[in-house]
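Undergrad: Position chain P with the ligands against the provided structure of chain R, taking the given hints into account.
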Amino acid sequence: MRNWLYLHTRAVSRALARLARQPFGTLLSALVMGIALTLPAGGMILLDHASTLARGVSGKPEISLFLNDDASPAQTDAIRQNLQAEAQIEGIRFVPRDVALKQLENNGLGDVLGGIAANPLPDAFVVTLKGDDPALFDTLSTKMRNWAGIAHVQIDSAWVKRLAALLELVRVTIWVLSVLLGLALAIVTFNTIRLQILTQENEIEVSRLLGATDRFIRRPFYWFGTLQGVLGGLIAVGAVWAGFHVLSAPIAKVGETWGMPVAPVSLNGIEGLAIVAAAAALGWLGTAISVRRYLTM
Amino acid sequence: MIVFDRVTKRYPGGYTALDGVNLRIAPGELVVLSGHSGAGKSTLFKLIPAIVRPTTGTVMLNDQDVSRLPKRAIPYLRRNIGLVLQESRLLFDRSVYDNILLPLIINGQPPSEAARRVSAALDRVGLSGREKEFPAGLSGGEQQRVAIARAFVNRPSILIADEPTAHLDPVYASEIAELFKSFNSAGVTVLVATHDTSLFRHWSPRRIALDHGRLMEQ
Ligand SMILES: Nc1ncnc2c1ncn2[C@@H]1O[C@H](COP(=O)(O)OP(=O)(O)OP(=O)(O)O)[C@@H](O)[C@H]1O
Ligand SMILES: [Mg+2]
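These protein sequences, in sequence, are chains R and P. Going by the working numbering, 213 is the number at position 213 of the first sequence; the sequence numbering is gapless. Going by the working numbering, 152 is the number at position 152 of the second sequence; the sequence numbering is gapless.
By construction, these hints were calculated from the structure, which means they are not laboratory data. This one's a predicted model, so the numbers in the text were calculated from it and none came from an experiment. Hints are not guaranteed to be accurate.
[Said to hold, decoys possible] Estimated spans, in silico, between C-beta atoms of each pair: (1) P:211 - R:187: 52 to 60 angstroms; (2) R:202 - P:137: 17 to 25 angstroms; (3) P:212 - R:5: 46 to 54 angstroms; (4) P:166 - R:5: 39 to 47 angstroms; (5) R:10 - P:64: 26 to 34 angstroms; (6) R:175 - P:112: 49 to 57 angstroms; (7) P:212 - R:32: 51 to 59 angstroms; (8) P:139 - R:8: 31 to 39 angstroms; (9) P:68 - R:238: 51 to 59 angstroms.
All residues carry an ideal CB built from backbone N, CA and C; glycine is no exception.
Okay, chain R solo, but in the shape it has when bound (with noise of 0.2 angstroms):
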């Protein structure tokens, strides 16, 4: 154990001695490797905190029932006896056009609606249901419309469906370029190892007669790419705050928009630390198959 401790020991420094050599060239390779996760690290991270405002935004879905501008009052008892039958139906809201219209006031749309003499709203039932199984809704819905002096059914979770979809897409779009991009290091510390082989071919083979084991001889290599990887992560991790610390005020001006406060996103401890962790495997990776492929007996 004390042993294998002094094997790695000696092969850190022998690697951060490789790495201080040639002070430009890490700093270079770092600089890509972190410039390169840095989009998608800080991608999954926006993601992150936009999934969870959604989340909270969403509540439970509603469903939306619109009457007919003519509906008559024993229809509307109709629709309510209708609703109160089903057993799905966790609760029965009835907004009365008036109300309506004044919710749309205090949203601050009064102005948009002063030019109008009437009030353009009908009378709406908004019901919630008591899962969320999509195709629930799908039959219930379908069912409503056929009800007598209902005009319009709406779902509307159908809204939180589509941001839901839309950051889908953002989160499989921010994987593949991940993946991508994670390739494309690994490949980097590929190269990098592969030159660092060949420049000290003499001493790997000295080491090979003086009865050095392929294990030994790897591994001042393995922490050579691995190091390499945390450097770039620890320049993604400085890129990605810097940027978050950039972003914070244009975000929040967009949430504000949407009447919704964004808290500023910034990066935690177990991000940061993820980044690191995943740019040192990246690196390792690189190592591995270089090694592999130029350093056997």
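TA: Just chain P with the ligands now, with coordinates in the frame of chain R:
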């Protein structure tokens, strides 16, 4: 005990470097190998640490068939053999001290013991006080002595030196010969290839020679 049994080495391209070599070397022997350039001396030596594998025949070292040793066992074989190759193969990017330290690290010696052994080896080859210098700043003879220190610092039971005095003037050459003789006196099996047949004359070593890949006792 080193035993070559009808060893032939044909390099890719068809050149026969060794041709049916039979040889037995007992533990503690001092063997001087001579022969013209291209006779196969280096090839013969490289068969023992499995740097080169025979085309036919077997090479045994202490009852172990090194000519058919699996790859993963080769490093452990080499740790017991001190090698001074024709090209001294020092590492020019590190100090004399670190050059001599390398086999000890490879062998997993604890740092304190390794430091002790490097100092002793430096002393033995007359380079005490020069450990911080880099090989490029040393003369050819000094570089050769670093290579020799590196070869025996692990206390191998066999020391193989391929023309260790090739680039040295006669005074340095006989110093190095004395060094090998002293290892041999301590019980180490020593094999030296050299063109300079007068080198070990004081100690009447066993002399063998290669001629176009064929071995002869002298
Ligand atoms: N790796 C190789 N591939 C092909 N031929 C080789 C190789 N190594 C050696 N030879 C050939 O094998 C023959 C013997 O070479 P070797 O190096 O064993 O001779 P040597 O006696 O050590 O010569 P010298 O005194 O010049 O060092 C030479 O003709 C050489 O050209
Ligand atoms: Mg030779």
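Undergrad: Run every hint past the structure and note whether it holds.
TA: Hint check results:
1. P:211 - R:187: 52 to 60 angstroms: holds, 54 angstroms
2. R:202 - P:137: 17 to 25 angstroms: holds, 18 angstroms
3. P:212 - R:5: 46 to 54 angstroms: Given range 46 to 54 angstroms: holds, Cβ gap about 53 angstroms.
4. P:166 - R:5: 39 to 47 angstroms: holds, 42 angstroms
5. R:10 - P:64: 26 to 34 angstroms: Between residue 10 (chain R) and residue 64 (chain P), where Cβ atoms are some 30 angstroms apart, the hint holds.
6. R:175 - P:112: 49 to 57 angstroms: holds, 52 angstroms
7. P:212 - R:32: 51 to 59 angstroms: holds, 56 angstroms
8. P:139 - R:8: 31 to 39 angstroms: With a Cβ separation near 37 angstroms, residue 139 (chain P) and residue 8 (chain R) satisfy 31 to 39 angstroms, so the hint holds.
9. P:68 - R:238: 51 to 59 angstroms: holds, 56 angstroms
In terms of the numbered hints stated before, the structure departs from none.
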